[in-house]
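Chain B: place on chain A using the hints.
There are 2 protein chains.
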Amino acid sequence: MAEISLYRPFPAEEVPGWNFETDVAVIGFGAAGACAAIEAADADARVMLFERNSGSGGASGLSGGEIYVGGGGGTDAQRAAGFDDSTKDFTAYLKAAGGPCADEAKCEVYGREALSHYAWLKAQGVPYRGNYLPGKHIEPTDDSTLIWSGSEAAAPFCDIAKPAPRGHVIQHMGWGGGRPLVDILEAAARARGVEVVTDARAVALVQDGTRIVGVVVRIDNANRFVRAAHGVVLATGGFVFNEAMRRKYCPDTFKLNDPIGDKDDGAGIELGVGAGGDAIHMEQFFTTCPWTMPESHAYGVFVNIQGQRFINEDCYHGRVSRCAVDQPGGKVYLLLDNAHFVQPMDFARMSIAGTGETWDEVESELGMPAGTLSATMAVYNEHARDGRDPLFGKRSPILTPLDQGPFVALELDFQASYFSFFTLGGLRTSAKGEVLDRAGMAIPGLFAAGRCTSGLPAWGHGYSSGLSLADCTFFGRYAGRSAAAPGGN
Amino acid sequence: MAEISLYRPFPAEEVPGWNFETDVAVIGFGAAGACAAIEAADADARVMLFERNSGSGGASGLSGGEIYVGGGGGTDAQRAAGFDDSTKDFTAYLKAAGGPCADEAKCEVYGREALSHYAWLKAQGVPYRGNYLPGKHIEPTDDSTLIWSGSEAAAPFCDIAKPAPRGHVIQHMGWGGGRPLVDILEAAARARGVEVVTDARAVALVQDGTRIVGVVVRIDNANRFVRAAHGVVLATGGFVFNEAMRRKYCPDTFKLNDPIGDKDDGAGIELGVGAGGDAIHMEQFFTTCPWTMPESHAYGVFVNIQGQRFINEDCYHGRVSRCAVDQPGGKVYLLLDNAHFVQPMDFARMSIAGTGETWDEVESELGMPAGTLSATMAVYNEHARDGRDPLFGKRSPILTPLDQGPFVALELDFQASYFSFFTLGGLRTSAKGEVLDRAGMAIPGLFAAGRCTSGLPAWGHGYSSGLSLADCTFFGRYAGRSAAAPGGN
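As you go down the protein sequences, you meet chains A and B in turn.
Quick note on my numbering: the first sequence kicks off at 1 and runs consecutively.
Quick note on my numbering: the second sequence kicks off at 1 and runs consecutively.
Pulled out of the complex, with its shape left as it was, chain A reads as follows (with noise of 0.2 Å):
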């Protein structure tokens, strides 16, 4: 009998006997395999869902429940606010956002739909207050909906797409949003009949020719074989857990020690890739670090070893500590003044490396030599009186001088401070959640969505929360409308 494994399917014919049948599988409960479950059953599909844990949750679960949404005018909490965010300046953020990665095609259509997308999870059961949380937020720390959640407002988005707040978050009261979300998608899928396997490990794929006709997944310490007669949905996040694989594909996450997720140790990128599919940009990865607790602190400026600036500080937190990581000797300093400076959070393991009642003085305790770290500061308060920011185009209201002392730098390890991280490369997918495979052409049977494919959020320097999500649910549902239709693709 043929193996099973991970990176090659099983061939149809040595099934020794079906032990489910179904028209579409789904393999993996967090909002991307919820969605794709819920549209599969919608098209009158009998649909299977089997996760490896013992309910469901997945990295979604772990998540702020955060959804980027905008265009069309705006959504109801972007208009109430005063965003009228137009569908080109969405989609062209979308595409600024992906980078040198972005899947044009996949920004273009939810580009579109989003606005349908949000109204579709309103459906669903899925909260929102409907209300505007100005500031600086990681998540909100009450219900509220809206927030900045990316670097629409920093250069050099701003002057790609006009700016409009567009993180969409579940209401639920303080952080952790993620987990009422998955909850509702599940019952919204419980809802319409799909039959739910937990304990259930996907092994290997089932391929009967070209097409992918099932899927053997490992339950009680056995082998089951499911047969799904439409399609396979792959959605089983990416491989932030898996070492041997980031030592492969993206080796620049062992400078952090902080990886989230839940078991994700990219087993549907090997399925995917072993029926032919082909695996992007999988040195890609996010990462951010709490900076911005204190909000006080998102006044800060950060700089490298070298006492150079790197970033326009207003970005987005994790475009911020993605460039941060860029910066060579392993660690950054972020620099505040006496009215800014708060003590950090416990959790983000920041320490103070030196103080001083000038920056002169921050300059030496930090071993830094004379005329770098205080030249940089003394070009970044000249300007900052003026409100500007020549080299970098950082912008009010976080555009102020640090020029009263005492001083602080804070330094930010990328090994001892908190650097949380997860992997962002995964399967080429169709905007229909098609898997393709090295020549562009779709797999039979094959579908995928989520961080085991690589979609909106595609490059770690662009990265936006609620990007994530809003590809995990948005092209979940595409995935499996896709895998229901009778012979799928």
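You can take every hint at face value.
As the list makes no split between identical chains, a pair holds if one copy fits it or if it spans any two.
Here are the simulated EDC-like pairs of lysine to aspartate or glutamate, each with C-alpha atoms no more than 20 Å apart in a straight line: (1) Lys95 - Asp252; (2) Lys255 - Glu104; (3) Lys255 - Asp326; (4) Lys331 - Asp413; (5) Lys255 - Asp413; (6) Lys122 - Asp143.
The hints are simulated quantities; they were obtained by calculation from the structure and are not laboratory data.
Frame of chain A; chain B shown alone:
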């Protein structure tokens, strides 16, 4: 009948008849393919070599013919010049040059075997004058042997391994030693009875069960089936001329306009992945611009558009160039004083962007805010007078104050100036040249070498001249020897 495809092997049972029968089929007649053929023939295998062009060469034939060799106390040329290069230092440098992408096993084996490889090259007839040419050279302009061809003497490498020059160049007047190098290897292969078929492009592998047993080549517009009883060696080069692959795997190369290679379309990578192989570090690329020509420009200082330095300029020109391409704004400036400025080479396409009697004037001409570039140069000059570069660790002799005006800023625009580049990612192979699948197991009958693999030159930021040809020739030999073994792997 199954499709003839780069993307999946053709089933042996459908082969209509074998047009050629051999023990080892080598695909590609650059240095890697030539060395594989020689070793396979020396192991008493029948060897056929298929090349898509009308003659040998590949990217190797376009190169300088420089091979990175050291360790074991030093080569004849190293010892004659007073460099007793230890295997420990040599191996440590190889690993540092590979950075986060280093293949430890390949570094170790080449570290131990490089001296005997050098002797083998001589035994094939490769001539070396045996002398050392001091200074900063891209390639020798005479027929000298030994040059500094990497970042050995520059921070941080000089602190990791005791520096020694290791670029060994074939005796050949002027640039372009790659062509005579390949000619010699070709002659050595032909002398052993290797049957060379030119104008023959590989279009598919042939598989019997899990084993690769042959290859389909396109000759005179017809598919010809080649049975390779022991194995197939892929030596087809990188993918710098395949824009679709670059878009998917290495999009940062679109910043640049001067690919170098010889029809390197990634076909071998596709063939290998189609057979179950693993393509790794696909985002890595080499680039360089000829900024050290004239040599006096090596004394210059690089700044980005913010007027900040970003590298110790005594590193290898490719490392400096690769770090330059990381800088924002699409260009960098090379700063020179009157003592060191010479008109740049026409082909470099660098232009004078600013001049001045003081660095303040240059800063102003470049449109940079006061106190940026001028502060950078004040700090640089102050410490250079003491022979120090506390920020980046640049060293003498090219660390000298640039304080005698008039001054010049040359603009190196990534799109407009000459930045040659080629790709470094490719198939994951064992040190024996076996193509490994994603589980790390050797694919029976399939071997690879050179730039269709990820090898010694794995990391663009650590590239050193001669690493790629060292990798091609040495691991080409190993691949040929492994493929020749009866029963292969």
